[in-house]
Each structure stands twice: as C-alpha cells, then as structure tokens.
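Novice: As a plain string of letters, each chain reads:
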Amino acid sequence: MFKKLIDALKKRPLLDQMISEMEQMLAEAVHMYRPSAEVLTGKRPLTEETHRMIYETDRKINQLQRRIRKQLVEHLIVAPGADVPICLILMSITKDAERVGDLCKNLLEVAEDLGGPLDGGKYESQFGFILKETEGLFQPTVEAFRKSDKQLGHDALEKSRQMAKKCDAVIEELMIDDLPCRKAVLFTLLARHLKRICSHLSNIATSVVMPLHKLDYFDEKWGDIY
Amino acid sequence: MSSSSGFKFWAKRISEGLILLIFLYLFLVSVRLLGDGFKMFGGGFAERLISTTSNPLVGLFIGILATSLVQSSSTTTCTVVGFVASGILSIPNAVPIIMGANIGTTVTSTFVSLGHITRREEFRRAMAAATVHDFFNILAVVVLFPLEIATGFLRHLAQSFSNFLVGKEGLTFASPVKKIVGPAVRQIVSFATGLTPRHAAVLVAVFAVFLLMLSLFFIVKRTKKLALRRAEVILDKLIGKSGMAGIALGCGVTAVIQSSSVTTSLMVPLAGAGIARLDQIFPITLGANIGTTVTALLASLAGDVAGLTIAIVHLLFNVFGILLIYPFRPIRNVPMAMAKRLADIAARSKRYAAVFIIGMFYAIPLLLIFLNRLF
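Protein chains in written order, with this note's numbering: chain U, 1 to 226; chain L, 1001 to 1375.
Do not rely on the hints blindly, as some may be mistaken.
No more than 30 Å apart at the CA atoms, straight line, and that leaves these computed lysine-lysine pairs for DSS-like [unchecked claim]:
no.: 1; chain 1: U; residue 1: K70; chain 2: L; residue 2: K1241
no.: 2; chain 1: L; residue 1: K1237; chain 2: U; residue 2: K95
no.: 3; chain 1: U; residue 1: K150; chain 2: U; residue 2: K43
no.: 4; chain 1: U; residue 1: K70; chain 2: U; residue 2: K122
These are calculated hints, taken from the structure and not from any lab test. Computed from a predicted model, the values in this text were never measured in an experiment.
Take the sequences, apply the hints, and build the full model.
Specialist: Right under this line is the structure:
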C-alpha cells in the first residue's frame, strides 16, 4: 500500500519534500547514535565537542519534525484527499524518528554518568554486540522507507525484534546480579534505551509493511494482504 | 520516463489545456451573451436597472447581496462588465456594485471558519483570519466610496487607463475576442427566435447566467487542480516571510485560480491550525483582492472600452484600498483589531458569528434595498 501511495504521489512536491526530510531525520539520528555508541565502547573520547554536536543534532531533528508537521497541515489543507493516509503515516513516524534522536542523546547521558566507556565485565561484550547490531538497523530502516521495500521492511523488523529480546535478556541478568547500585541502574537504563531505539525503528519499518491502522503493531498475517 | 508514459503525460497535459481553453471561451461567450440577452428585454429594463442603481448605496448593497448569494465576486463583476459593455448599466452606477462585490465575496471564507466552531481556540483564530478580509474591504469602502461619489476619481482614472490601452478610438475598437465569440453568441440567440421577445430575452439571460456560473466553476476547478499542487511549495516558503511576499502570493495564486474565495478559504484553516498568524494571513488576503480582478479584466475582452473601464475600476479600487490601509501600521492594525474583537466575541458566544454573517451579508443589504423601493 505504502509503495503505491509513494508512486502515486511522486509528482507532489511538498509531499516529496516531507518524505525527504523524514529521511534526513533518520540520517541525523545515525549521526547522533554513532558517536554516542563510540563513546560507550571507548572508540571516541567523551569531550565537550561530542556533547555539543549531539545536542545540536537533536535540535536539528526536532526542527525537522516541527517543519514536517507544518507542511503536513499545509498539504492537507491545500490538497486534501488521497494523501490523507501517507500524511498520517508521516505524522506518526516523524514522532518515532524524533524519539530515536532523544534516545541517542540519552545514550550519551549514560556514558557521561558512567564517566566514559563501558567497563562492565561480561556486560561489556553484550552491550558491544547490541550497540553494533542496533547501528546496523538504521540503514535498512532508512532504505526500506526510502524505497518503500517490503522485504527490507520485514528484515528490519525481524532484526529489531531480535535486538529487543537481547536487551530484555540483559535486564533479566542485571536483576539477579549484585552489581553496585549506580552501575546496575545505568546498565539497565542503557539496555532500556537501546530497546526503545529498536522499537521506534521497527515502528518506522511497519509503515512499509503494514496498513495505516496497524502502524506500530506488526502482525505476520498482514504481511501479504492486498 | 519511457516514450509511452511520456506520450501519455503530454497528451494529458494538452487535453487539460484544451479543456481549460474551451471553458475560457464559454466564459467569454457568456459575458457577451449577458449583455446581449439583457438588452433583449428592451429599453424598459435598462431604465429600471439605471434608476434602481442610481442610488449609490443601493448599488453597493446590491453588490454585497448578489455576491453573498452566489458566493462569487467574479460572477457579479463579470455580469457588471457584461452590462456596462452592452450599455444597459452606466459606469458611475456600476462602481458601487463592484465595491459591494468585494465585500460580499468574503462571506465564503467566513462560512469556512464555521467549520472550526467545535474547537473554541481554533475557531477564534479561524474567525479572525476570515473576518480580517471582511473588515479590510468594509474599511476600503468606507474610505473610497464617498470619495468616488464626490469626485469620481476611480472611474476617471480607469477611463484614462483604458484610453491609454486601447486608444481613444477604443469606443469603436473591434476586439478580436469579440469577433471570435460573436458567432457563438449569434447562434445561441438564434435558438430563441420564434419565441415572444420577452420569453426570448428571459431564455437568453437565464442561459447566459447559467453559462457564466458553469464556466467559472469549471475554470476554477481545473486551475485549482493544476495550480495548487505547485502552489503549496510556494505557500510553504512564503507564508510569514514579509508583507510584500504575502501580497504577491495571494495575488499570484488568485490570478491563476480566478477565485479569491479559494485563496482566502485556504488561509482560514491554516490560521485555525495555528500554522499562520493573523498578521501573516492579512497580506495574502489583500493580494487575493488584486488577483481576483483578473477575471473581470478577462471578461472585458469580450466587451468594449466601457467594459474594460469598469474592470480597471475594480483593479484600482483594490490597489488604492491596499495603498491607503496596509503601508501604515496604525491603520493596518484597525481591520486586524476589529477581526480579533469579533473573533473573541464569537468564540465566547457562537450566535454572534451567525448574527454577523446574516446581518452583514444578507439582512442589512436586503433591508436597505427594500427600504429604497418603498421610499
């Protein structure tokens, strides 16, 4: 449905602009996620510059969201009709993209509270894996959205589900562990933030594979309906 | 783009352009037919029309009422152009009707604002955006109407412009458009032969009005479809930029769509949604006032120099209105303050919105016209 809508709307400049700005939101989110993850894994030092850059990018994402919302209202007022579903989809997924930005900022806050990279023994490798795999989720989600590719959307959904399970497994381990309180709280927050990032990315992916009313709720049996 | 889809694309564009040209032709035919059709009523009709509109206030309220009823200033102004061109209405008598049409056309956007009535804050903003156009046009009439009655400066200036455009020999100028629409007009009039003169006149006049409304409806519908898709990007970029940009935007969009109601009615929900503020909407509605004069100018192509003169009066009235009110902040704030005040009152008690619409656009004009007939 989404692909047909996108094709039908190709000649609508404001809508094209909104779709491209949505892609830009996701691209900016990657620019926030990568440095945060690098600080957590020790590949990048925790500096004022990184902090400033991430907060600046978050503001840029928020501005893009407000801009898309404004354009959505303008578009629906000027040219109402067939564009209502895609506009509602955009309204919903820009919220997800904005939340991803916020959560990337939260990842850096965890790193700042930890005072630098993760030093979590057995958790270090688990988080390292989740951080790497989650970064790998952004590109397929952007691609699935850009190309309106159902298969890519399915792949992104499946991967985000796996990551969410891994995050839950870490939290369960943390609950029975005897880590110092501060560390346990920060690790739990980290796992929670990563799970939320995956969930919001999967919400964006559902827009490619699910009908509008099923947005955010993936159900296999809806995968191939016409 | 493949060659077959490229062919389809161009075939669609060419057919859309041709359909638009056909309706434009029918529009010009209808304007000419209006004059010719009403002329068939004989001298008595023209005398009655002139005596009724000889009171400028009555002419003004006829303009308000007629436009509020058909919800299209273009229908009123084009009818006036047709009447003036055929000589059944004089230019001095036509000017107040044109001014009234400017006020009457704002009823559509005021109606649109009622769509927000269930959400008080939204309604307050939408109502203010709709009525700022009403109050501006009322103010422009309050200033320019007495001036015009006293000096006739608008019609004199318009006369000079039309003389400049078509030359002093314009009185006998044979417009090529007139030549093109002539055969169709004669053909339509010939259908009424065999009827009594009065029945023939009624038939032609009714058909002319129907054709004018139909052609305008389709022209607006098609240009709206073609233009708005492109205009939304410009709208997005220009709203709130500057007063001049707003005026240019309103003028451009309206001139292409041929309907100020469409432009102003688009602004009302934008204001209701909080996307654009009242001071950002205001210049766009002023631009719409200028843009809408294109329709009467177009209609004047089917007539003579008198038709062109009254169409220029419409343009000059709107330009002077803007020049008098918009450049000076304290004066510019007056219609905005009035619109805000009315919107505040209407948001608190919705019946005041109904009182304003019924009173301003229907009851007062009707009462004045009725009283004039009595006394």
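Novice: It remains to establish, for every hint, whether it holds in the given structure.
Specialist: Against the structure, the hints come out as follows:
The suggested pairing of K70/U with K1241/L holds, with an alpha-carbon distance near 15 Å, which does not exceed 30 Å. The suggested pairing of K1237/L with K95/U holds, with an alpha-carbon distance near 23 Å, which does not exceed 30 Å. For the hint linking K150/U to K43/U, the alpha-carbon distance of about 35 Å lies beyond 30 Å, and the restraint is violated. A C-alpha spacing of about 47 Å is found between K70/U and K122/U, which places the hinted pair above 30 Å, so the restraint is violated.
Taken one by one, the earlier hints fail for this structure at numbers 3, 4, listed in ascending order.
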